[in-house]
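The listed protein sequences correspond, in order, to chains A and B.
Here the first sequence is numbered in this note's numbering, starting from 1 and rising by one per residue.
Here the second sequence is numbered in this note's numbering, starting from 1001 and rising by one per residue.
Calculated from the structure, these hints are not laboratory results.
Note that beta-carbon positions come from the ideal geometry of N, C-alpha and C, so glycine has one too.
There's no promise every hint is true.
One side of the interface only, derived from the structure: several residues of chain B facing chain A at Cβ under 7 Å [what the hints assert, rightly or not]:
#, residue
1, Tyr1032
2, Tyr1046
3, Gly1050
4, Leu1107
5, Val1110
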Amino acid sequence: NAGVTQTPKFRVLKTGQSMTLLCAQDMNHEYMYWYRQDPGMGLRLIHYSVGEGTTAKGEVPDGYNVSRLKKQNFLLGLESAAPSQTSVYFCASSLGLLNTEAFFGQGTRLTVV
Amino acid sequence: DAKTTQPNSMESNEEEPVHLPCNHSTISGTDYIHWYRQLPSQGPEYVIHGLTSNVNNRMASLAIAEDRKSSTLILHRATLRDAAVYYCNFPLYGGATNKLIFGTGTLLAVQP
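Bound conformation, chain A alone (with noise of 0.2 Å):
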């Protein structure tokens, strides 16, 4: 049981690149979240989604775009990268919202040079 698989777990962009950030998960859940974590702080919710076909602002989307096409698989993606972006990415998911866990993954640690 693989659980919630964040692609890829390292990277490194020049600023004004961009690239997506791949979470899957196999629990068919209705429920992803993106957070990004920076240094010695507490996670700050980007974007999320309710279901397949949906998504949804959270408290830092500025920058950001998602898009969850299939129900196991949420993308984030950085249209341009900045350094401000450079943060530990982490991905959730969970079946319900009020009286259910969410899983996280692993996390994806990215960099702006």
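Please arrange chain B on chain A, whose structure you already have, making use of the hints.
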């Protein structure tokens, strides 16, 4: 958005109980209180959640105040492996909003 308040850091000795507090004065009557922890260099992991009455599982116990404006995560016998950041939160929902927001958490240090 709803907020939770936790101490920035706490210390404990190995094999002693640890009580991690959380204030959530804006919680509504149907909000579940969730606790997660994040070990160094890992993604967060679920610990426990509850609504009104106290909850126990293999990892911890959750004590919820009668007015539900605060809760306490209890680790009965801290081990070195319990050193982590502990997050208290509750999902936000209603209308077009359904999301899980995290606060800054409590960094727990466990001394041998």
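task: Enumerate the violated hints, using their earlier numbering and listing them in ascending order.
output: 3, 4, 5
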